[in-house]
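*Asks:* First to last, the protein sequences are chains B and E.
Each residue of the first sequence is one higher than the one before, counting from 1 in our numbering.
Each residue of the second sequence is one higher than the one before, counting from 1 in our numbering.
Honestly, I wouldn't trust all of these hints.
Since the list gives no way to pick one copy over another, a pair counts as held whenever it fits inside one copy or between any two copies.
Unchecked claim - Below are the EDC-like pairs computed for lysine to aspartate or glutamate, each with C-alpha atoms no more than 16 Å apart in a straight line: (1) Lys177 <-> Glu71; (2) Lys177 <-> Glu250; (3) Lys125 <-> Glu92; (4) Lys117 <-> Glu204; (5) Lys177 <-> Glu74.
Since the hints were made in silico from the structure, they are not lab data.
Protein chains: 2
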Amino acid sequence: MQRYFIDEETVTLNANYQMDKEASHHMLTVMRMQTGDKIYVVTKSQQVFIGELIDNQNKIATIQFVEGLAENKELDTPVTLFVGLPKNDKLEWIVQKATELGASQIVPVAMRYSVTKWDQKKAGKKIERLQKIAQEAAEQAHRTLVPSVGNLVTSKEMAGMVQHFDQVCVAYEEVAKQGEKHRLVQVFEHLESGQQLAFVTGPEGGFHPDEITLLQENHDNVAICGLGPRILRAETAPMYMLSALSYARELL
Amino acid sequence: MQRYFIDEETVTLNANYQMDKEASHHMLTVMRMQTGDKIYVVTKSQQVFIGELIDNQNKIATIQFVEGLAENKELDTPVTLFVGLPKNDKLEWIVQKATELGASQIVPVAMRYSVTKWDQKKAGKKIERLQKIAQEAAEQAHRTLVPSVGNLVTSKEMAGMVQHFDQVCVAYEEVAKQGEKHRLVQVFEHLESGQQLAFVTGPEGGFHPDEITLLQENHDNVAICGLGPRILRAETAPMYMLSALSYARELL
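So here's chain B without its partners, still in its complex pose (with noise of 0.2 Å):
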């Protein structure tokens, strides 16, 4: 059954909606539904319904909530991936299999090691398109929350930002050579239920060590942590960790 992510905070049950035009096209064109056919809801404030398609007039879908469903699909501790703008595409990437495993906001940083440069001017097209990655992935992933793409920042901004974090997790190959392996089992351990947590991962040519002590000054919720004994490439560190952290809180 399809899945749709709606505007409303929240809504009523047996109430009748209109899904804007987007939607509305997805349904009755792309998907071809008939009046009777069912699809899947979720509200602004994750709550999940099925609507019934009930009227397609004026190409748009009009549904009734027909039934509320008590689902949890998110992490118990919301996730912020801050991760250091890469080559090509694979931020897109990034951006879909993050959405995937449970990332609760992805943000973008300017490394100092960042080949990739963006053009100011064409940023806010960047970030919407990698916010509708997130959203299609949401869907298809069947999450209740629609991960947040937020502005690019630079490393100087991302370390401050961190410090309104519970904890902060850095993957950071250079530990990980020295055989550090016992950080982030430590940090996943103590996580309580709601507490926020914050991963950092760097772009092709990895962290300058400046970034490192910047992240690290004063703030004693930051946890430079080894992946185990193979190197892994920018793209695979964020998904590792957002692995490694469905399996710890969610199964283990």
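Since the structure of chain B is already known, use the hints to place chain E on it.
*Replies:* Chain E alone, transformed into the frame defined by chain B:
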């Protein structure tokens, strides 16, 4: 420092060795190495040496093994990934990422819902290309083993092959939807070092129920596992399992 796999089972410290044409070309022409420059060399028996370039005559790189290293980059429970043939170039991507994340072997499986079909005549070329991707990824990930990419098998052949593994984890969306979330942990917690593990993941359309039945028949080493509450795409499920295994065996 660049890393190269050589075809020798084992080598002797201080001995000289001629790299093959391809590696020589990479060292001398692509990387423009000069005599005195150093590389990592990994033998077939997974020994790691530092090699120093001592001669570059006739476009062949001759090195001397100047130091032996005691490196352990491999999972202590070798994993074979049986992966339902996915669409487009996703298999290339899966081979690359599974190599980074520690798989020992990758076997593509023509499953009931695989949309892609391989032309028998071109299969050899495809495997060759995938094997090359695995080698490059293994070099980049600093592995001591290049995963082997097996020939395409049928679901029935796979069901026969998994009998020879100590433990088999099948990622099945339908059990995840019913809330299954303990099997993967149970398997990982009871693994013993050296045990052979198989992961089985489906193509975009998932498994046909008959394929699950076939895997389970008479096999008490097969665990049908959920991977958390979100629906993962075909290419994401193997990454989740490999990341979780590394977390459970190498960090936890």
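*Asks:* For every hint, state whether the structure bears it out.
*Replies:* Outcome of the hint check:
1. In the homo-oligomer, the alpha carbons of Lys177 and Glu71 lie at most 16 Å apart only across protomers (11 Å), although the nearest pairing inside one protomer, at 41 Å, exceeds that limit.
2. Taking the closest pair of Cα atoms, Lys177 and Glu250 come within 16 Å of each other only across two copies (14 Å); inside a single copy the shortest separation is 29 Å, beyond that limit.
3. In this assembly of identical chains, Lys125 and Glu92 lie within 16 Å of each other by CA distance solely inside one copy; the values are 13 Å within and 30 Å between copies.
4. For the identical chains of this complex, Lys117 and Glu204 are intra-copy neighbours only, at 14 Å inside a copy versus 34 Å across copies, given an alpha-carbon limit of 16 Å.
5. Taking the shortest alpha-carbon separations for Lys177 and Glu74, only the inter-copy value of 14 Å comes in at or below 16 Å, while the best intra-copy value is 33 Å.
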